[in-house]
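Mapping the sequence shown onto the working numbering, position 104 (from 1) lands on 195, and the numbers just tick up by one.
Because the hints were derived from the structure by calculation, they are not lab data. Here the structure is a predicted model, which means the values were calculated and not measured. The C-beta atom is built at its ideal place from N, Cα and C for all residues, glycine as well. Among these hints, one or two may not hold up.
[Claimed, not checked] For lysine to any residue, the following SDA-like pairs were computed, each having C-alpha atoms within a straight-line distance of at most 20 angstroms: (1) Lys107 / Asp124; (2) Lys135 / Ile176; (3) Lys473 / Pro118; (4) Lys400 / Leu449; (5) Lys369 / Val337; (6) Lys647 / Leu692; (7) Lys400 / His443; (8) Lys107 / Gly161.
[As the list claims (entries may be wrong)] Label-pair ranges, simulated between beta-carbon atoms: (9) Leu621 / Ser470: 44 to 54 angstroms; (10) Ser514 / Ser231: 56 to 66 angstroms; (11) Gly524 / Ile715: 48 to 58 angstroms; (12) Glu557 / Val148: 31 to 41 angstroms; (13) Gly524 / Leu396: 31 to 41 angstroms; (14) Val148 / Trp499: 41 to 51 angstroms; (15) Arg531 / Ile133: 54 to 64 angstroms; (16) Gly524 / Glu122: 31 to 41 angstroms; (17) Glu534 / Leu397: 38 to 48 angstroms.
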Amino acid sequence: MPHFHPDGNEPSSFTKAFQAIQRETLPFDDERDFEEQHRGFIAKPDYTQIMSDAGNVAWDMGRYDFLMHGEDFDSIHPSLQRQAILNMNYGLYEVMPGIWQVRGFDLSNVTFIEGETGWVVFDTATAVETARAALAFINSQLGERPVAAVVHSHSHADHFGGVRGVVDETDVRSGRVPIIVPDGFMEHAVAENVYAGNAMNRRLFFQYGVLTPANPYGHVDQSIGKNVAAGTMSLIAPTVIVTEDVEEHVVDGVRMVFHSTPGTEAPAEMNTYFPDLKAFWAAENVTATIHNIYTLRGALVRDALLWSKKIGEALYLFGQEAEVMFASHNWPRWGNERIQEVLRAQRDAYAHLNNGVLHLANQGVTVNEIHNIYQPPLSLRKQWVARSYHGSVEHNSRAVVNRYLGYWDGNPASLIPLSPADSAPLYVEMMGGAGPILARGKELYEEGRYREAQEIVNKLVYAEPESTQAKDLLADIFEQIGYQQESPSVRNSFLSAAFELRSGIPKGVSPSTGSDVLRALTTEMFFDYLAIRLDSSRVEDVEFVANVEHPDTGEKLVIELSNGTLTTQVGFAASDPTFAVTINRTDFEGVIVGTSTLNELIAAGKGSVDGDASGLHALFGALIDFDLLFEMMPGTLATGQE
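The whole structure should be built from the sequences, with the hints applied where relevant.
Printed below as a string of structure tokens:
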């Protein structure tokens with residue numbers, strides 16, 4: 092299969108030698124995952140594409156068929172290629188009588204539990220279209236059943252985004268279909284997708300290789316699934332909140348024990364145990380990979396030790412008797428011995444990541460050194476379930492140091508460093524200019540010393556971002572480093588950067604924050620988001636204190652603009668405000684999602700303003716609309732926008 096880019100390269104002799112060592116040393120004789128991956132298969136659909144309501148392709152499993160012809164690709168780490176083949180699950184699978192999964196329709200599985208009156212759906216994928224297709228497919232195979240309840244295991248979009256594809260909001264509001272979530276779900280589901288949403292989405296292009304073609308030289312897998320769907324994301328406010336550490340519910344006649352695990356894979360997450368079935372749902376806490384402690388798209392750094400302890404809790408709460416363990420990604424595990432093996436391996440991997448890194452940090456190893464020194468024990472490295480696909484040992488080890496000690500390595504020179512664009516010209520000057528750097532960079536590249544080559548050529552690209560020679564050489568270097576990565580998150584980041592260095596920022600359909608997520612913002616969250624979008628320099632001389640009241644909800648807020656800073660306090664009212672706004676929350680949602688302006692709603696008689704609101708107009712006039720396609724690598728924006 093040819094390279095997708097005309098300037099792309101084959102794996103070098105050094106990369107081929109590296110891959111050969113992996114094939115010789117990794118435990119490829121352990122094929123239990125392949126047996127478990129296929130177990131329970133019922134049927135697959137006669138299509139591979141799912142179209143979005145907007146007319147684009149939301150999902151295309153067929154574009155990864157190149158993985159299924161028995162060819163070993165030197166452009167793919169052998170361990171990653173194995174994981175990519177395992178993630179070619181596509182269709183309907185029986186986990187056990189009463190539990191089924193539709194896999195391969197999105198990044199996450201859609202799980203269906205048979206209740207007394209209908210389906211209890213666990214996690215609804217990323218997109219309305221893929222969730223809708225999953226429901227239609229299981230109904231076509233097993234008979235039509237209504238959705239009786241929805242459970243969102245945690246607050247990440249690939250687990251709730253498809254909710255409107257399986258349930259109508261009127262049924263939720265009426266109480267017919269409960270939506271059950273862990274405590275803190277709405278706060279984290281909304282905040283993570285909005286406050287830093289523009290930057291996260293742009294960085295997601297690299298981590299998930301969103302715009303990189305499916306190809307042996309490009310995107311091959313996402314470790315927890317093939318990729319993220321490019322459809323319509325939705326959100327419906329939940330009706331049942333699980334607040335206790337361990338909380339039992341009967342949902343449509345099915346007994347479920349919810350196990351809260353906040354601060355693990357997501358800030359709001361929960362496992363579920365089905366005691367009558369001896370089935371353990373591990374959410375995204377235990378899948379077929381060691382996950383991200385720091386996710387490259389950007390998120391709060393997670394607590395590896397807490398994660399380990401929550402897996403340990405599950406082991407002792409449920410793992411002593413469970414006969415099947417299934418999750419929101421990858422494939423199930425059967426048999427109590429196998430379940431305990433997997434739980435212990437993952438528990439120990441996260442615990443050692445925390446403890447082993449801090450063992451080194453307490454001896455002076457810094458955040459800028461730890462990734463070159465820390466390794467998990469050999470016994471863990473020899474287990475597939477403890478391999479780092481979604482995460483990587485390198486960036487996770489740095490995350491542990493960052494969590495405890497922050498980004499500073501203790502050297503004052505790195506405390507307030509120059510920006511790369513300012514420091515790079517100094518390096519280039521000291522190294523004798525572009526010519527010697529290009530020459531030495533090519534030498535290092537041809538010797539297979541790729542990380543050394545990137546160190547100097549990256550400086551040149553920052554110093555001279557218009558240099559096609561420098562960008563092309565750095566792209567070549569990044570490409571070989573990417574080929575050698577076991578983690579698709581790291582691989583995709585290098586290959587995506589190479590793609591943009593060669594061709595500029597590509598255009599294409601990408602995941603975005605849906606209007607449902609914006610509508611779910613509280614009014615406080617909305618004004619906090621405006622504070623992020625505010626260009627302070629344009630309102631330095633503007634001050635106001637405003638009361639905002641929603642009569643239909645009884646909510647009151649004080650909004651203040653002072654010192655070029657917008658702040659919001661809930662539950663208070665200023666005694667002498669500059670102005671006051673009274674508007675129902677249901678009407679104000681139009682302002683939040685951008686379908687109406689406050690002026691339009693007031694003119695239509697749906698709200699009122701008392702006092703001098705000129706400061707509010709100044710505020711809205713000073714908001715910045717973030718451009719999603721900002722540069723990640725120097726010199727890529729102009730090329731892509733010509």
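Here's how the hints hold up against the structure:
Distance restraint check for Lys107 and Asp124: the Cα-Cα separation of roughly 26 angstroms exceeds the 20 angstroms cut-off, and the hinted pair is therefore not satisfied. Between Lys135 and Ile176 the alpha-carbon distance is near 16 angstroms, which keeps this suggested pair within the 20 angstroms criterion. As the CA atoms of Lys473 and Pro118 are separated by approximately 6 angstroms, the hinted pair is consistent with the 20 angstroms bound. Distance check on the hinted pair: Lys400 and Leu449 sit about 17 angstroms apart at the alpha-carbon level, within 20 angstroms; holds.
The hinted pair formed by Lys369 and Val337 meets the criterion: a straight-line CA distance of about 16 angstroms does not exceed 20 angstroms. Straight-line distance between C-alpha atoms of Lys647 and Leu692 comes to about 19 angstroms, which keeps the hinted pair within the 20 angstroms bound. Only pairs whose Cα atoms come within 20 angstroms are accepted, and Lys400 paired with His443 is accepted, the gap being roughly 12 angstroms. At most 20 angstroms may separate the alpha-carbon atoms for a hinted pair to count; Lys107 and Gly161 meet this at roughly 18 angstroms.
At about 52 angstroms, the CB distance of Leu621 to Ser470 agrees with the hint of 44 to 54 angstroms. The hint said 56 to 66 angstroms for the Cβ distance between Ser514 and Ser231, and at roughly 60 angstroms that hint holds. Separated by about 38 angstroms at the C-beta atoms, Gly524 and Ile715 break the suggested range of 48 to 58 angstroms. A hinted range of 31 to 41 angstroms for the beta carbons of Glu557 and Val148 is consistent with their spacing of about 35 angstroms.
About 49 angstroms separates the C-beta atoms of Gly524 and Leu396, a value inconsistent with the hinted range of 31 to 41 angstroms. For Val148 and Trp499, the Cβ-Cβ distance of about 45 angstroms falls inside the hinted range of 41 to 51 angstroms, so the restraint holds. At about 58 angstroms, the beta-carbon gap between Arg531 and Ile133 stays in the expected band of 54 to 64 angstroms. Taken as a hint, the range 31 to 41 angstroms is violated for the pair Gly524 and Glu122, whose Cβ atoms sit roughly 55 angstroms apart.
Evaluation of the 38 to 48 angstroms hint for Glu534 and Leu397 yields a pass: the beta carbon distance comes to about 47 angstroms.
Of the numbered hints stated above, those contradicted by the structure are hints 1, 11, 13, 16, listed in ascending order.
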